[in-house]
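Number of protein chains: 4
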Amino acid sequence: MDVSFWKVAQRYSVIFFDSYGVLKNSQGALDGVPDMLKRLTESGRRFFVITNDASRPPEDMAALYNKIAGFELVPGWRIVTSGTLCSEFLREKVRSGEVAYLGKPSSAHYITQAGLTAVPLAEARDHHDLKALVLLDDEGFDWFADLNRAINLVRHKHLPVVVGNTDLTYPVSTQNVAVAVGGLARMMETILGSHFICFGKPDAMMFTHTFGMAVSENPTLRRRDVLMVGDTLHTDILGANKFGIDTMLVLSGNTQPDRADVMIRSSGIVPTYVCDSVLT
Amino acid sequence: MDVSFWKVAQRYSVIFFDSYGVLKNSQGALDGVPDMLKRLTESGRRFFVITNDASRPPEDMAALYNKIAGFELVPGWRIVTSGTLCSEFLREKVRSGEVAYLGKPSSAHYITQAGLTAVPLAEARDHHDLKALVLLDDEGFDWFADLNRAINLVRHKHLPVVVGNTDLTYPVSTQNVAVAVGGLARMMETILGSHFICFGKPDAMMFTHTFGMAVSENPTLRRRDVLMVGDTLHTDILGANKFGIDTMLVLSGNTQPDRADVMIRSSGIVPTYVCDSVLT
Amino acid sequence: MDVSFWKVAQRYSVIFFDSYGVLKNSQGALDGVPDMLKRLTESGRRFFVITNDASRPPEDMAALYNKIAGFELVPGWRIVTSGTLCSEFLREKVRSGEVAYLGKPSSAHYITQAGLTAVPLAEARDHHDLKALVLLDDEGFDWFADLNRAINLVRHKHLPVVVGNTDLTYPVSTQNVAVAVGGLARMMETILGSHFICFGKPDAMMFTHTFGMAVSENPTLRRRDVLMVGDTLHTDILGANKFGIDTMLVLSGNTQPDRADVMIRSSGIVPTYVCDSVLT
Amino acid sequence: MDVSFWKVAQRYSVIFFDSYGVLKNSQGALDGVPDMLKRLTESGRRFFVITNDASRPPEDMAALYNKIAGFELVPGWRIVTSGTLCSEFLREKVRSGEVAYLGKPSSAHYITQAGLTAVPLAEARDHHDLKALVLLDDEGFDWFADLNRAINLVRHKHLPVVVGNTDLTYPVSTQNVAVAVGGLARMMETILGSHFICFGKPDAMMFTHTFGMAVSENPTLRRRDVLMVGDTLHTDILGANKFGIDTMLVLSGNTQPDRADVMIRSSGIVPTYVCDSVLT
Numbered sequence: 000m001d002v003s004f005w006k007v008a009q010r011y012s013v014i015f016f017d018s019y020g021v022l023k024n025s026q027g028a029l030d031g032v033p034d035m036l037k038r039l040t041e042s043g044r045r046f047f048v049i050t051n052d053a054s055r056p057p058e059d060m061a062a063l064y065n066k067i068a069g070f071e072l073v074p075g076w077r078i079v080t081s082g083t084l085c086s087e088f089l090r091e092k093v094r095s096g097e098v099a100y101l102g103k104p105s106s107a108h109y110i111t112q113a114g115l116t117a118v119p120l121a122e123a124r125d126h127h128d129l130k131a132l133v134l135l136d137d138e139g140f141d142w143f144a145d146l147n148r149a150i151n152l153v154r155h156k157h158l159p160v161v162v163g164n165t166d167l168t169y170p171v172s173t174q175n176v177a178v179a180v181g182g183l184a185r186m187m188e189t190i191l192g193s194h195f196i197c198f199g200k201p202d203a204m205m206f207t208h209t210f211g212m213a214v215s216e217n218p219t220l221r222r223r224d225v226l227m228v229g230d231t232l233h234t235d236i237l238g239a240n241k242f243g244i245d246t247m248l249v250l251s252g253n254t255q256p257d258r259a260d261v262m263i264r265s266s267g268i269v270p271t272y273v274c275d276s277v278l279t
Numbered sequence: 000m001d002v003s004f005w006k007v008a009q010r011y012s013v014i015f016f017d018s019y020g021v022l023k024n025s026q027g028a029l030d031g032v033p034d035m036l037k038r039l040t041e042s043g044r045r046f047f048v049i050t051n052d053a054s055r056p057p058e059d060m061a062a063l064y065n066k067i068a069g070f071e072l073v074p075g076w077r078i079v080t081s082g083t084l085c086s087e088f089l090r091e092k093v094r095s096g097e098v099a100y101l102g103k104p105s106s107a108h109y110i111t112q113a114g115l116t117a118v119p120l121a122e123a124r125d126h127h128d129l130k131a132l133v134l135l136d137d138e139g140f141d142w143f144a145d146l147n148r149a150i151n152l153v154r155h156k157h158l159p160v161v162v163g164n165t166d167l168t169y170p171v172s173t174q175n176v177a178v179a180v181g182g183l184a185r186m187m188e189t190i191l192g193s194h195f196i197c198f199g200k201p202d203a204m205m206f207t208h209t210f211g212m213a214v215s216e217n218p219t220l221r222r223r224d225v226l227m228v229g230d231t232l233h234t235d236i237l238g239a240n241k242f243g244i245d246t247m248l249v250l251s252g253n254t255q256p257d258r259a260d261v262m263i264r265s266s267g268i269v270p271t272y273v274c275d276s277v278l279t
Numbered sequence: 000m001d002v003s004f005w006k007v008a009q010r011y012s013v014i015f016f017d018s019y020g021v022l023k024n025s026q027g028a029l030d031g032v033p034d035m036l037k038r039l040t041e042s043g044r045r046f047f048v049i050t051n052d053a054s055r056p057p058e059d060m061a062a063l064y065n066k067i068a069g070f071e072l073v074p075g076w077r078i079v080t081s082g083t084l085c086s087e088f089l090r091e092k093v094r095s096g097e098v099a100y101l102g103k104p105s106s107a108h109y110i111t112q113a114g115l116t117a118v119p120l121a122e123a124r125d126h127h128d129l130k131a132l133v134l135l136d137d138e139g140f141d142w143f144a145d146l147n148r149a150i151n152l153v154r155h156k157h158l159p160v161v162v163g164n165t166d167l168t169y170p171v172s173t174q175n176v177a178v179a180v181g182g183l184a185r186m187m188e189t190i191l192g193s194h195f196i197c198f199g200k201p202d203a204m205m206f207t208h209t210f211g212m213a214v215s216e217n218p219t220l221r222r223r224d225v226l227m228v229g230d231t232l233h234t235d236i237l238g239a240n241k242f243g244i245d246t247m248l249v250l251s252g253n254t255q256p257d258r259a260d261v262m263i264r265s266s267g268i269v270p271t272y273v274c275d276s277v278l279t
Numbered sequence: 000m001d002v003s004f005w006k007v008a009q010r011y012s013v014i015f016f017d018s019y020g021v022l023k024n025s026q027g028a029l030d031g032v033p034d035m036l037k038r039l040t041e042s043g044r045r046f047f048v049i050t051n052d053a054s055r056p057p058e059d060m061a062a063l064y065n066k067i068a069g070f071e072l073v074p075g076w077r078i079v080t081s082g083t084l085c086s087e088f089l090r091e092k093v094r095s096g097e098v099a100y101l102g103k104p105s106s107a108h109y110i111t112q113a114g115l116t117a118v119p120l121a122e123a124r125d126h127h128d129l130k131a132l133v134l135l136d137d138e139g140f141d142w143f144a145d146l147n148r149a150i151n152l153v154r155h156k157h158l159p160v161v162v163g164n165t166d167l168t169y170p171v172s173t174q175n176v177a178v179a180v181g182g183l184a185r186m187m188e189t190i191l192g193s194h195f196i197c198f199g200k201p202d203a204m205m206f207t208h209t210f211g212m213a214v215s216e217n218p219t220l221r222r223r224d225v226l227m228v229g230d231t232l233h234t235d236i237l238g239a240n241k242f243g244i245d246t247m248l249v250l251s252g253n254t255q256p257d258r259a260d261v262m263i264r265s266s267g268i269v270p271t272y273v274c275d276s277v278l279t
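Protein chains in written order, with numbering that gives the first Met the number 0: chain C, 0 to 279; chain A, 0 to 279; chain G, 0 to 279; chain W, 0 to 279.
Just so you know, not all the hints are guaranteed correct.
Quick look at which bits of chain G chain A covers, simulated, 3 or more residues with Cβ under 8 angstroms [as the list claims (entries may be wrong)]:
#1 85-99
#2 116-130
#3 235-244
#4 266-274
If you only want the chain G side, here are some residues facing chain W, beta carbon under 10 angstroms, derived [to be verified]:
#5 18
#6 140
#7 142
#8 146
#9 154
#10 158
#11 171
#12 173
#13 185
#14 186
These are calculated hints, taken from the structure and not from any lab test.
Here a beta-carbon is modelled for each residue, glycine too, at the ideal position from N, C-alpha and C.
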């Protein structure tokens, strides 16, 4: 556990960071993170943020760091969200037309960006020729009315269902969590007995996509030049291990320091490094 | 499929009926059912209704038939609900004190009947010394606020969670279903990684309990003298088969006539008889 | 943890014991256990052993204690095995004919005792009119040949499959486990997408059956007069809690003393008492 | 269903084929398939075979078609197996040393090709410093002895486990299936409560990898220029849909013509086209 993030980072040319629990928490960016990202960039390294979140556009998420830094420290395109993959899917496979969605209005960005028309599920009417149902966020709709409506819609119309975040929960304070849209999607899949098209870590597509962007910047980049830093074994570490890159578990978020060892052994998900935080 | 319920029933002394899809539907009691129950009783047979429902007291459910019959055709105690077992558990294991619940006020019957104090989860405060959380019904609370509250309550206090209905959905019309409290409970179990104490078919306790009551009426009764009639393979037929009594699948509810055969073969859940409805 | 089994036992009139990890281990009966059972009986208490095991008849299992005691300390009928319930199911529901089985010859006891003819799966031929397939034990057959044969048999003939032990593994030494027939059954269910009829703790039928026997001995017995003692949260404690009797977790088997607390909190399965062993 | 494969194929520049049930069956290559592949190539199209199989090298699989054609119709590198991804993972993440494996000797190709030393699990001894356990094939070892050995090895040493085929079963004749190594791996994961690193459709990595190879041949290739043809909804169609390419379900294998429609609707996995076979 006495490994220093900064020392380890010197061995890699590109760092992938998870966001929540690594770079920020419910209070905002961790003190020292903007400075660390600046130093990392100055040392010639490149970084990307990979996050399971489709609640708002990457640019809005980047603003958190850029406002503190006073300049564009984190360009929006360096943040790869599960919504980004959702958007890419809609563009490639659905292509055009209207899709119903569950989520806040800001989450509809991932639909309109793909050239489709976003209709809040509560406003979807029979005259709409819906191409898909997209689950983006746990807020912005009435759970009782709209989850029941969504289930019956899928039962009757056999629409493809696309899910922009596979997480079951997300933290809302140091003590409390909230059900994420991935948790609601899992319940709907169980009830319907069907398979949704879900995007988010640990799925390898998140890493494939980001690695592709890193290779665009540096065509000679190899997988062994990349380090994934995350706070969650079952998403960050499992997915990046499978994609074939080195991994660092930090203990500043989901994984409690006194339980890390037991969790690594019992899950069989082994990070290359374990470290207190990215500020070491 | 050309078996007649009435002919088969002659071979048994006690009939267990599922309720929804067998004796009633979303419009109320099926035409002819009160008459059939009356004839059954007159022929010296006894019957019980076994239903996954903890939304209101058995007496309220019995009123549906009694109002049509004009006399107490179905005494409340002949209806065994999943709430009944829930209530028995609370009396035996929790015994006294306050428990928080999710459900309509009428569902709290199953808590107060056990001698405990029922507190709607939304009104539970830190000064309450809660002994358990009881999930009884999908209505009567705010899903977003109260499901998140319930999850955090269990994470912090490690309360036992008791579930009064294992069904994932229930029908609300000929076309539509709604998520039942069992579906919400399943989502919470997945998120928390923990085991709730769940009551309802196909669990054998529903059948053990009812068989015990039938034996009280007729001490020489054997399992082979009892027939379970239901419309759902995975609850009514699976559970009664395992309990060791004969089973009849009726096609007046959940199981569509043209799919019954495929579903029986692919599930491996084989009823003793298949029949159109209890009115044959 | 400073609770003494013996002191707690004074408050109950009947004790249900799990076998492995509680009364015995891979070396045989724990030193002092026959003496404890003798004292328990002399104090006027009654006991039953409830075990997930269908590999041989209860009488064979009882011999372990009776040989040490020098008299019939544990009558075979005081041992309720998952095989016992399997046998009862075969008698009530299958009633007669030939059934194929997987397991050692001694496990076939549970088939022949029910009045049926047991055919080892490897010897089942087309001329056999099989009524069911029964999985009793992980030994006594060729896994590769016979598991594949079993899967194809069920796919073609849609036989009901009965499983005499729900455990995934069992201990074979202080260090090692072996896959139990319940683990093989689970794999077959996943592959076939179907539901087997499985017997064993935590299913409440194990407790219902044993409680029924205890009531036969003492008709005024109430659930709160019974204590279940086991070493495994997910079988012994979960099942007995749900059945509505008090529970004691002992730390002499599956549950390691230093992890008991974390496991209780994370599983939500809370025993009434925790205690080092039945020898305290 | 009256769509012709050949007509649809004209709209795409690259075709991805599943192998079993599409190009071949238990008797060998389907009559007419070598000819179709030849015509496809002559028309300027490129194809790849994507198969869940790590039992032997791609070159051995290609020989089936090349022998009939009399020339190298299918170069080995055009066959992407789940073993290929397994091999890539071992090279990137494990890098060197000894790994134990379950499978036929021919399956060890995927280990040695990555520059590692393959030790059959049955021969692994304490002096071996194993880096991983790799499950490649369901044959070539003693299920009873070696599956139990594998489970205890992982319990004691916390080795990463890599699985070269996610399928639960594979067909061995027109009537029968056999448990695939993916089915055995799933049982081990359930028993150990841990996560293995599994390769195979529907995982998007199979498609990402193959698409990368196709782009190497034709740098201007877009996803919408590629068609995936498969016989299984839950692997071929689900995975390719998610990856964002068009899909064709053929009814010459796993999916029976009279059930295709029901399966598509109940699973929610919708192919772009449905067609009798690749010979239409």
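Each hint tested on the structure:
1. Chain A is given as covering the stretch 85-99 of chain G, and this holds because 4 residues of the stretch bring a CB closer than 8 angstroms to a CB of that chain, at least three being needed.
2. Here the stretch 116-130 of chain G counts 0 residues with a CB under 8 angstroms from a CB of chain A, which misses the bar of 3, and the coverage is violated.
3. Under a criterion of three residues with beta carbons nearer than 8 angstroms to beta carbons of chain A, the stated coverage of the stretch 235-244 of chain G is upheld, 6 such residues being counted.
4. Using a Cβ-Cβ cut-off of 8 angstroms, 4 residues of the stretch 266-274 of chain G lie near chain A, which meets the minimum of three, so the contact claim holds.
5. Residue-level restraint check for residue 18(G) is violated (minimum Cβ-Cβ distance to chain W is 21 angstroms; threshold 10 angstroms).
6. For residue 140(G), the interface hint holds, since its Cβ comes within 10 angstroms of a Cβ in chain W; the closest pair sits about 9 angstroms apart.
7. Satisfaction of the interface hint for residue 142(G) is found here, the shortest Cβ-Cβ separation to chain W being roughly 4 angstroms, below the 10 angstroms cut-off.
8. Below 10 angstroms, beta-carbon pairs count as interface contacts, and residue 146(G) has one with chain W at about 6 angstroms; its hint therefore holds.
9. For residue 154(G), the suggested interface contact is upheld, since its CB lies about 7 angstroms from the closest CB of chain W, less than 10 angstroms.
10. A cut of 10 angstroms between beta carbons decides the hint on residue 158(G): the least distance to chain W is about 16 angstroms, and the hint is violated.
11. Interface hint status for residue 171(G): upheld, as the beta-carbon distance to the closest one in chain W is roughly 8 angstroms, under 10 angstroms.
12. Interface hint at residue 173(G): violated, since its Cβ lies 12 angstroms from the closest Cβ of chain W, which is beyond the 10 angstroms cut-off.
13. Interface hint status for residue 185(G): upheld, as the beta-carbon distance to the closest one in chain W is roughly 6 angstroms, under 10 angstroms.
14. Hint status for residue 186(G): holds, given a least beta-carbon distance of 4 angstroms to chain W, under 10 angstroms.
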